[in-house]
Structures are given as structure tokens and as C-alpha cells.
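Chains A and B, in that order, are what the protein sequence lines are. Per the numbering used here, the very first residue in the first sequence carries number 173; after that it's consecutive. Per the numbering used here, the very first residue in the second sequence carries number 7; after that it's consecutive.
Hint data in this document are derived by calculation from the structure and do not stem from the laboratory. Where hints are given, some of them may not hold.
Stated by the list, open to error - Cross-link-like lysine to aspartate or glutamate pairs, in silico, DMTMM-like; alpha carbons within 20 Å at most:
no., chain 1, residue 1, chain 2, residue 2
1, A, 274, B, 368
2, B, 277, A, 410
3, A, 435, B, 194
4, B, 149, B, 368
Claimed, not checked - Selected chain B positions facing chain A (in silico; Cβ < 7 Å):
no., residue
5, 191
6, 427
7, 474
8, 475
9, 477
Quick caveat, the model's predicted, so the values are computed rather than measured. Built from N, CA and C at the ideal position, the CB exists for glycine as well.
Given next are the chains, with one letter for each unit.
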Amino acid sequence: MSQETARSTEQSASATLPMLPTTVVGSYSVPEWLERLKTDFYLHRISPAHLAEIHDVAIKAAIKDQEQAGIDVVSDGELRRDNDIDYLLARIPGVSITDTNKAYYYDYYDAEVPEPLATSETSALGLVDDFVFTRGQTDRPIKFSFTGPFSLSRRIRKSAYSNRADLVRSLARALNAEARELVAAGATRLQIDEPFLAGYPDDAGLAIEAINLVTEDVEADWALHVCYGNRYARPSWEGHYDFLFPAVLDAEVGTLVLEFARKGYGDLALFKRYPWERRLGLGVIDVKSEEVETSEIVAARIRRALEVVPPERLIVNPDCGLRHLPAFVARAKLKAMVAGAAAVRQELSQPKQATAEPSAPALTEES
Amino acid sequence: MLVEVRPSKKLRGARALNLTACLAPILDALCEDSLDLSRLRLVCDWVQYKNNFRDVIDVRPILSPAKQNGRAAEPDDDKLEIAIDLRRCADADLADVVRDVLARRTEPEGLQRVYLEDWSRGTTSRIWEFNSLYWRFLGVWEKATGRLYEQALPGGESDARNIAGVHELIKEMFLVWDDLAAHNALPDELYVIELGVGNGNQAKTWLDEFAKLDAEHGSEYYRRLHYMMCDYSEHVLSSARENVADHAAHVSSFALDATTPMTALGFLRYKVFLVYISNVYDNLPTEDVAQIGGHTYHAEIRAYLPKAGAARIAERFGVESHKLVGTIDKLLSLGPELLVDALSANFGEVARAAEFWMAVWDAVKLEERYVPMTGLDLYEIAPGVNGEMLRPMLERHGDVRMQVSNGAIASFVDTLPLLHPYGRLQCHDIFVTDPHQYRTGFLGPGKYDGSIVNWVNGPLLQHIGRRKGFDVGYAPFAHRTGTNIVTLTAQVRD
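Okay, chain A solo, but in the shape it has when bound (with noise of 0.2 Å):
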């Protein structure tokens, strides 16, 4: 598929996108079998040419998941990457990786940047190849997803830079290359996770800065996750999203995709408190549990957030990345969630006095 013709199916594709449209955050069950795999190639058990087309087999699979779950904007699972870290610092040009064996392929790396990072216009990450494979897959939306500079920068544990400021918009403007060239690939939904920013609370004005280098003069439908961690499926901090305002009104995207399943949907009074007028990724599903939800709870979560979001600006997707749950378990939680979307997009499409569900409490700042 040309990368025009990945454009033009793209954006015909968005264009039959639902109200409370259902989405993925990024990544996607990760198969025992795999895991086993993608180590071997770290002990140099297998080669990189059958290591890939192992992926090119479960991109394959999950997309089909999604799809048969009923997913309107899906994901490639993010399968190619060992983790959300390491798959783009060690591709970014001087970023120094000493040591690149691992025992486990989900370990991190010990990254350096021993020299300040040169500016370069043009990509040098690869992402762009991934994402015309996931395009050539299907005919759904896609939604493509890398981790951001701030949280990227936390892994460097050694930087030429006195600043770590300077690091992170050095990394930003990497990352914004790579994201012009996904663009021109025919990317059109970008989303930037910061899987770290919730343990540094005090640099949401930074984190946020870098964003928007990210995507400055990226003209792409973007999108913001910030959750509390999902490193083998435990929350790595624990809190509110209160850090995240007032800066994150400043952040150059159109959705911020948070987590709620998990913690509650308390923090939804932020939306009350603040002026976000853009969308909101609504997280329904908790991924730190293999307990499926039912629709019911799903559509549940949905009023709740109804009462501080209007529908148009709602997107509906898990807490965050699938990656560490049995797949029956991810493909169990998925069809859920559509299903709940489904039935408040229908009571939406009813006349008012037709609603015959009760309305959810009132939500309070305690709630």
C-alpha cells in the first residue's frame, strides 16, 4: 500500500468513526509463546529475520482480535517492541547502549547519552515501517502510539546534559522527526505515552513543554496517555491526577487518555474543576485485572463520565496497554467494552423519555 493510498483509507476510515468511538491504548496481549520467543532472540537463539516475522504473524493476530471485538480505531499491539522504553531509546542516534543482552526480553537497558544529542530533520526510528505494515493489515483506523520524551528520559541513567530539561526537549525533537515522517506516512492518530510522568508529579509544566515539541507543526489528530504505570501489570505510583492540571491544558493534543477503572472515577471531577474542552480517553477497563467486566459496568463508567464530558468528546478505551493479560482475557474485556459502548450509544440515539436507565449519582468531588 503506497503511503498515499494509506492516507486516503485512513481518512475515509475516520470518517465512519461512531459517537463514543471504541479505541486501544497501545499495546496488546503478549502470548506466552512469544515472550519465550522474543527472549531467545536476546540470548541470540533465533535471528532477527525470524524474530520479525514472528511479529509481522502476531501484529497479524491482534489486529484480527480487535477487530472481531469490535474495535473502531485499532493498534499493531505494539508486539515489535521488547518494552515501551527501549524499542525507541535504542534507535534514537546517541543514545549510547553498552550492554545489549538480556536475560528476559522485557528487561530495561542501561542507556547513556554521553554527548548532547544532534538535531536531525529527517527520521532514524523505524516506526514509519511499522506502521505501513499495520496499515496494510486492515481497513479499520489506526491508532499509533510511542512513549514520550519525558518519560524516555527518566531510563537515561547517565546524560551529558546538566539540565534534564535539555534531554527531554533534545528527545522531543527526535520524536518530532519521527512523527513528521509517520504524518507523511499517513499516520493521522498519534498518541504520546508518559507511563513515567505520574511518578514525577512536580514536572508536568516540563513533560508537558516537551509535547509540544513532540508535536509541533505535526498535523495529526493527537493524543495524551498519562497512567500510574503498567510495568508487569502493577501500578508503579499511586495518587491523583490533580498534578496533571492546569498544565496539561496547555498540551498541543486533542485527547488526553487517562486511567480510571482501576483507581475509580474520582478524578473525573477534575473536568468539572478545569477547562478541558477537547476529548477525553475514557479508561474502562482495568488492565491490571484478569476479572472481566461486564458491559453493564462498562456502560456504567460511560454515564458516569457523561455527566462531565459531553458524548461528542468521549472516546472510549481501557486503562492502558493489553500487554500483560491472557489474550481470552483481553479479547473477553474488548468485546465488553464495545458492548457497553453500544448500549449507551444507543440510549444517546433514543429520545430523552425513553431513557429508562437511571442516571448515575451525582458526582462529587469524593466520589
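Since the structure of chain A is provided, determine the placement of chain B on it from the hints.
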């Protein structure tokens, strides 16, 4: 024939074992037999537990993988392992013993042994019912032996009560809490859990010292502290509660199985700053796996009483021989107190029932055989943990036999979700920390009073912990020398 001598350190020094003297009569006797020696493994251990489940020489069939796959196997397809306890070799006429055990292979089953169960992988063996009985009726056992459990421990007391260790741990927690408080991220409630609380001495020491150090620290953490005492036995919890009565407002107690803490404590998911465990893992059910000649096997076991020993017990307690197994069944299901009511003619008082219990326990042995595993991924080590976790150890260390520590792993993986992102699990126990130890030492099972002890598979716990996002480290217990106790610490990594 392969001969594996594990206690290699015993072969040198002033009190060196005369290996030639041990092996020569065994090899002579083996050569007299028609056994296919090319299919024979001879493994020599030094079983350091005075009370154990082994004979001086045991025979363990190695079943053929072909049989497991449903294909017809040749009658002589099975290999054989002969296990020798070198510690007891000087006390036996080894050639005779070998002739005897080889002759027994062709005898009808049960001629020389009274079996208490059918073959099992280990965790479901009846020996764990004895272990459970011990903890349920610890008071009866202690009364019968005239010795408290802690006195049976090396050093005469649990390492859990070491003040220096307690201080170090509490001060490290204060540092974490101070930092979280500075970032407005310290929860209102500060949870600490102890699994396997015993008599409550550790809890009392810990709480006393915590209150004292907190008063010095001046942060009022004690006011926010909730100490959750957990144990298998309500009876034990009851006496532990009395022991910590001074801290009653800060202590809750839960009767739970250490292998499934989340069943009772699920509401504390991601909230607990410290889970403290001492001498629990080594006493939880385990299975053994072995890698032999490129195949992976379950080491299946079957508990039995030697026929002569069983007859002596039956006679001593006036039990008809054919009713002995049924009487043991009653002991295990009812306990010694109710056994007196059920069989008053044999056991007039609890002390007599306790004597019967101890006599049977002393006589119980284990027969073993190796059964091929059909696939690591099909083997459930513990809920949510399959045998693939064993692969790195099995692939890296060649022919090796080891405990899987199923109970310890079940407990470990069901405890980790409780931990706050800045929480830690600390566990004092006897851990294997280097897989090489499986080649050089005997690591269980042994009998420890009325309970079972197995060294815990530390590398496997470490590997599983890593796959769940935790750094798992081992260090010799820092606050007492000359102890086998190792401290495991698990904390979130990255």
C-alpha cells in the same frame, strides 16, 4: 552406569568419608545382579537430617517417556536410580542391602511395606497431612515431647526476634515514608503484614520497637500503623493476640493459608509497605522435578511404613495390623484429641494418642519414582505459574533434581500484589541461592519435630519474582553468625 557423588566436601579433610569403602560392596552387589548397568544411575547423598524419609539405599524407577506418550514400551525400557545415604553407610552391610532392594523389585507390591497412599507428585502426599496435624495440634506435640517448638530451632529461638534486624528494617521504612510524606504521597493507613505469626513473639518485638523508634523519630507513624497478624491456626492467633495486647488498637488478625493470602487480604492490594515472613516457606508443600538425560521428570512419591515397623506400632498400641492404616487415617482427620474419643480402647488419653502419632511419624518413609513430564507449559507449579518458569534452570544446569517449592511460590506470587509500589517483602528462611547446591547437598525433605522441612528453591523464586517486576535478593542473615538462615528481600524493580 553413572555414579554421582553429591557431598564432595565430605571426601576430604581429617574426617573424610571413605567413599571406596562405601561404594565397593554396592558395586560388587550390583555386578552380581542381571540388571542392565548401562541404564543405572547411582546417586550418593549425605542426608543431614537425623529424622528423614529415606532408607540407607533406595531404588527409584525412571519411567520411560515412551510409555507416557501411549506407545508400547519394551519391558526393560525403564531406567533405574539407586539412591545411597552415605551418612549411614558405615552402619549397614551395604552388599546385603543392595541384594535385598534389588530382589524386592520383582516381589508383589506391599509384601515388605504398608502403603499409606497411592503415588502422587508430592504436594498432595499424606506427609503434608502429618505436617498440618503438627501445626494444628502443636500444643499436644509440645506437651508430649516436653519441648517448645522454638527450642527445636537452631539457636533455640526464632531469628525473627533479633532486635538489630528489626531496628534496621523499621528505620529503612521510616526513610521511605518520610520521602513519600514529603511528596504528599504517604497513605493515611500504613499496613504491615506478618505471615506465619506463631506465638506472636516477633509481632510483639516488632511493635514494641516500632513504637519506641517512632517516638524518637517524631512522625507519629505508629498512630497510622496497622499490623496484620496472619496464621493458619486460630488457636495460634489467639495466643499471639494475647502477646501483643499492648498494641491491640493497631493489630488485626487473620486465619489464612499462607499459600493464598489474597483470599483474606485482597482489600490491601498495592497498599502494604512490609510483608514479613519467617520460617514459613520451608514448611510448605513441594514437589520435586528432575532433569535426567535430557528428559524432565516429576519425582513422584508414595508414603509407607516398613512392614516390621508397622507391626511393632500395631502391637504397641493394640491395633490389629489390618486396621493400622485406618487408624492413621483417623488420626490425620480427627487429630489426637478426638482419636481418644473415637478409639478409646486403644488410646485412653491424649498423651497415648500423641505417642501413637509420634511413633507413626517416626516410621514414615517415602518411596520414589521418576515419571516423565509431558510439557513444562502443562505443569502448574502454583496458580498462575506454569512450568515454563523452570526452563532456564533446567536448560542451564544439565541433569539436576530440585524442589519446586510449590507452596512457597504460591505464597510468594499471591503476596506480591499486596505490596505498595514502595513496599517490600522480607523473608527469613533456608534458601538455596545457587543451583549448584542441588549438585552438592541434600536439601530435603527432612523431619523437623512433627513438621517437614525442605530448602526453598531461591533461584526459582528469584526468576518468578523478576518476571513479575520484582528484584529478589538474598543475603546471609546479618544479625547472627553460624546460621543457615538467609534473608530474601523483594522490591519493585525499575
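Output the numbers, in ascending order, of every earlier hint that fails for this structure.
-> Hints 1 and 9 are the ones this structure does not satisfy, whereas the remaining hints hold.
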